[in-house]
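Enquirer: Listed below are the residues making up each chain.
2 protein chains.
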Amino acid sequence: MLRFYNGKVLTVNQDMEIHTDYEVWVEEDKILYVGPPLNSKRGLEEKSKRNDIESYEEIPKVIFEREIDLNGNLLMPGFKNAHTHSPMTFLRSYADDLPLQEWLHQQVFPMEAKLTPEMIYEFTRLAILEYLTSGITASFDMYVEPEANVGANVDMGFRTVLCGTINDFKDTIPELEGFYKKYNQYHPLIRYQLGFHAEYTTSEGLLRDVADLAHQVQAPVYTHLSETEQEVKDCYQRYGKSPVEFLTDMGMWDYGGGGFHCVHVSEADMDIIKEKGLYVVTNPASNAKLASGIAPIATMLKKEIPLAIGTDGPASNNCLDMFREMFLVTALSKLREQDASACPADVVLAMATVGGARAMGLEDCDCIEKGKQADLIVIDLHQPNMQPEHNIIKNLVYSGSKQNVKLTMIAGKILYEDGRFFVGEEPESIYEKVEKFQVKFKG
Amino acid sequence: MLRFYNGKVLTVNQDMEIHTDYEVWVEEDKILYVGPPLNSKRGLEEKSKRNDIESYEEIPKVIFEREIDLNGNLLMPGFKNAHTHSPMTFLRSYADDLPLQEWLHQQVFPMEAKLTPEMIYEFTRLAILEYLTSGITASFDMYVEPEANVGANVDMGFRTVLCGTINDFKDTIPELEGFYKKYNQYHPLIRYQLGFHAEYTTSEGLLRDVADLAHQVQAPVYTHLSETEQEVKDCYQRYGKSPVEFLTDMGMWDYGGGGFHCVHVSEADMDIIKEKGLYVVTNPASNAKLASGIAPIATMLKKEIPLAIGTDGPASNNCLDMFREMFLVTALSKLREQDASACPADVVLAMATVGGARAMGLEDCDCIEKGKQADLIVIDLHQPNMQPEHNIIKNLVYSGSKQNVKLTMIAGKILYEDGRFFVGEEPESIYEKVEKFQVKFKG
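The listed protein sequences derive, respectively, from chains A and B. Its first residue numbered 0, the first sequence is counted upward by one per residue in numbering that gives the first Met the number 0. Its first residue numbered 0, the second sequence is counted upward by one per residue in numbering that gives the first Met the number 0.
This is chain A alone, in the form it adopts within the complex (with noise of 0.2 Å):
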């Protein structure tokens, strides 16, 4: 058993108070207890009001293994990446600064033919370390190669939820079927959610298979959705319909799911959208970067449609940082709505935390609570951009920075500290990997 103490907890259960008394204990992978000193007065008060512990007799028998002092820092859920392409490491600044379709066509999708099980794998575990070093706890991950993908993960001890992303090119319907029954059935890290790669590339017909699986399973499918203008302009000249619209009446989103990017959205998608109870998982830096345009995520938010942050891949982003997300979620959203009050910082933080758990489907990894999993960060306030402590909220949202990232843990287990990582191979050895593949390409 592991304690935390003397620190600030943010459970981002139910609302995003701060609480200077609370300590945190967890057994396994799973959070044991929640809530102030056992052996203080305030405990006793509530101990008595409920059983987070089988026994308050037991507890001065409790032997930690570790107990980390948290030296006033600040102990939260770990960030949620809920939409991501994890392998694109190898792109990173291979192809900047071009238009979209020129980067996609003549750099992307000749590099990525040309990719192997085993480079997927290294590539990935690359972005493990990086979402390691940025209090990220989970990715939704959607690539090709499963295998390879998955096998990185529980290697490092990482969670992911992959996506599909079948589409006219790569995949079968049986294959997608076959997946989603296999990687649920895994290992506890491991999970799987039904997808398509986008509207734009994938046929009406096999849409249709898709949205054919989604209820034979029951279950939710999550897409690239309307992340350019084209695309949308594209859609309605195909079907005279938006994909929101287009997707909706083949019944794609009968048991729910979510849309990654959704720039391009009108309000009727935007009702459509609530009304289905899918997820937006908005990608700012991308959307900015391949000037996509910005996501009306305050109107989103007007909507109460339920919202998550995604970095998206490392070849459009380039970085995997979610505090970087954080602040262009905000950011993004003032500018467009010419409204320095728009979207504000505890909003954002709840997208990135919990908001991204749900998305994915990790109702057990979303706050710090008794019996979740025990999937934290701690924040060091003791650097500069954290002082002074006005509001330990809006200092995440708008001056926090990966620096902050003091520990991240995945399942009770700590995968990286102090600038360290414990993932079983050291991040050298991964880079080395990574250059040799690189090599390989460009000969």
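Warning: the hint list may mix true and false statements.
Which copy is meant is left open, so a pair is good if it fits within one copy or across any two.
Claimed, not checked - Within a straight-line C-alpha distance of at most 27 Å, the following computed DSS-like cross-link-like pairs (lysine-lysine) qualify:
| hint | residue 1 | residue 2 |
| --- | --- | --- |
| 1 | Lys169 | Lys369 |
| 2 | Lys369 | Lys301 |
| 3 | Lys240 | Lys29 |
| 4 | Lys169 | Lys180 |
| 5 | Lys180 | Lys439 |
| 6 | Lys301 | Lys439 |
| 7 | Lys7 | Lys439 |
| 8 | Lys302 | Lys181 |
The hints are simulated quantities; they were obtained by calculation from the structure and are not laboratory data.
Following the hints, complete the assembly by docking chain B onto the known chain A.
Expert: Quick look at chain B alone, frame taken from chain A:
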């Protein structure tokens, strides 16, 4: 003497080439040598071409106080924060998510009225700590009470160019002239540039007096310029001209200078800015967070206007992080132009280094070259966000982070290394003083 070796060197002198076989020697506050190791064949060839050190025969006798093995990391010039209000750390996360006018009049101004020089001293020190973590080696700092500000900088060994902030409510022409003369003779780390707060806070008479002073001392003048749409509209109403036209016509910029923000400038304004040789210092995070807009950086680049980057003050940003600013400069330009190729990485990096130095008159701190001030930083490339190393310049701008800053040196002195500060006082002690002043404010 100090030696950096076994790394990569980006001099930002003329081009953005990364030299993998260079080393750099620092003698007191200056760079003494940049080039291949002098005991290598290439070093000898270089040596015969130029006269970088006094005598090659002396080399074997050189005793270095410290030799820093860069271990493949990147040595480059420090970032220059070309517009900030350092003491405003006290307002970080105090009043965000508010409309601009409410923020200024109900939160910022009443708080500022309570400031004492002792507070300004401590609040500036907090900002300096943060600059160091982000690899910033000089600030162009506009605030009242220069004596307190200067004290903080000198005491910590930080370099600053103070900028006058005269307006109808603060300072007189004799005071401004006094500051200009005093602080340009005060200390090697301190300089002073003429400046006024803004056209909208300064009467025409006083502006003409500032312009007269500029003529008298033959110096450039800096100011907040066309930050908001309203400000430009009001100026048209008052004077029938844009702020750029109005100030140019009164001879404000006959000896050069620059404008901070410049979000709402017309084509004609930009032509004047170019013609007068003025610097534009862009502040993308602040302009986004306060919903002021996106500056037309791509157009300015086409017009070859010299550009620099500033964080603005921590009340409006809220963090003092050049990596975030660099990403925003390019990402927001891409959005504004609807062109993913707008404002490429190498241009942005030049703005953040050599551009900033020149904008604030620090020509001797702009790049890594013999005789220049040793204002240097080391970037940790052994982090997942900087791998693979396809293109280090793009990595810096698109995925770089404060977390990558390993070392910050100003005038030959290491002030920050591997997360530790060497500024004469422990950060915790500065945080405590800042916090104590906060309590007074709230009371």
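Enquirer: Checking against the hints above, which ones are violated?
Expert: The structure conflicts with hints 1, 2, 3, 5, 6 and 8, although it agrees with all the remaining ones.
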